[in-house]
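With the hints as extra help, turn the sequences into a complete structure.
Same order as they appear, the protein sequences are chains S and B.
At position 136 of the first sequence the residue is numbered 260 (the working numbering), and the sequence of numbers has no breaks.
At position 129 of the second sequence the residue is numbered 131 (the working numbering), and the sequence of numbers has no breaks.
For the record, the hints were derived by calculation from the structure and aren't laboratory data.
Pair by pair, the computed Cβ-Cβ distance ranges are:
1. S:L285 with B:A147: 18 to 26 Å
2. B:R124 with S:G206: 32 to 40 Å
3. B:E182 with S:L222: 47 to 55 Å
4. B:A231 with S:L218: 44 to 52 Å
Backbone N, C-alpha and C fix where the C-beta goes; we use that ideal spot for every residue, glycine too.
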Amino acid sequence: MDFLDLIDALQSLADGVLFGATYALLGIGFTLIFGVMHKINLSFAAASIGAAYASLLILAGVKAPPALVFLAAAGCGGVIGGLVYLIGFRFIPLANPLATLMSTVGLLLLIDEIIVHTTAGVPLNYPALFSDVIIRAGPFNLRGDLMFVFLLGCLCMVLLLMLLYRTRLGLATRAMSQQPVAAELCGISNTKVNILTFVTTGIVGGIAGAMIGAAIGMLSPLLSLPLTVKGLIVTVIGGLGSIPGAIIAGLLVGGLENLFQYWRGVSERDLYIMLLLFVFLVFRPGGLFAPATARD
Amino acid sequence: MLELQGLTKHFGGVRAVEKVDLSVAQGEILGLIGPNGSGKSTIVNLICGLFPLTDGRVLLHGTDISDLPPHARVTLGIARTFQNIRLFGQLTVWQNLWVAQNSGEQFGQENFLRRWLGGSRRARGEIDRTLEFFDLAHKSDELAANLAFGEQRRLEFARALAAKPSLVLLDEPAAGMNAEEIDQLDRRIRMLRDDGVTILLIEHHVELVMSVADRIAVLNFGQKIAEGAPADVQANPLVREAYLGTATAA
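Shown next as structure tokens:
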């Protein structure tokens, strides 16, 4: 491998890590819901893309500047998150492990169908911010839109971690994921915490959806299934229920994905990511940060 | 203040609790004893609303609370500890109390942001005082999971008090404690009673119950077989039979 080749490889790695912030946010969404309810919400990535679509709709309606698209996506994501909880979890028997899995698969398909029907399946352009800015660092170019997506992702993560670790609301959520019965008997309503978790992850998902739209410049209903798979891979590699794990795994998967694409082309890219998942499942099934299991 | 009327709970064919009437007066320590499987813990779980009743009612200050979810009952002033410790292991000692503090009546009046994001200085002061009372102040930044067993038991008790309950249900608080720790527990239970907290004490350790309780109720096979002052209960032939078996049965 000659020098220029190495530079290009590093460039793709860096771009991938920046884009990986979106995977990290998706992974956080999956992992938070799993941490609180011990359920997988398979509709999460689709809902995130749905929120990004909804934000386009709002923007077209009120003629707001494109910078507000992220705010709109966050709001729509929160609303959709709450709806997903109401439809897919609130009245579904939680004791049956397959019930919510099926209901969330149903929601995934439903959201996809709604998108396809309202847009006739045609991809829509999504406003990118700072796409004309390119920062040169030695032989490398850092794309402004990717940098923006990355920084926004980091900001979300910091705010989320502060919420979870520094406020009583966050501590109540973590208390519930550790000891649901004791939390209920400390006056914490499990139902309210569940709703709040879904709304919060929905907001995070909406921002992630908008970031994905902004980074690739468009939205398509074809995004939701691959993103669901990526989100789940990130969650498993990071360790189910671990937020730091999801962040690191998200950046890792983003970086490696781009690197594999550079080396082997886009058609083989996901093959290697699946292989990475396989390696983790075999050698480190708990993920990077297996969360401490509470003893009873 | 707390009244159980015809409290009944069947698990399938098992009559775990059968028509138990029991009342706890304001400011007293009521001991609830009975052999293993006599329904003591089930009664605690019914009072705090963990399972629905098969029949009967739970009244608090004369109001029927039988249909309220557990967290709502905490808000009304009922708190409990667990026989098998259920702390929030990955939260610090201080945070365990802070989380539990949200439901007290006096905290319910704070506005949403203050209540869920910050917490007032007064609330923080209360936590520090409770930790001091349970001799846990020096551990306040440790993760609960890293505490020694005796400390975890004390933290369970402290957490139950965080929301300033008027009634505390102690489910075997002395389990696994040594003599000195039981002495301290005895002293703390009395001090709380003197502060006006009503206590329902479920305990295997008969000495502790006999020493600290104002009144004792005895359960056997889900039914109440005796109730009264410690000395009377101790002398009751039905109670002796329940614990030791009859001469013919043995």
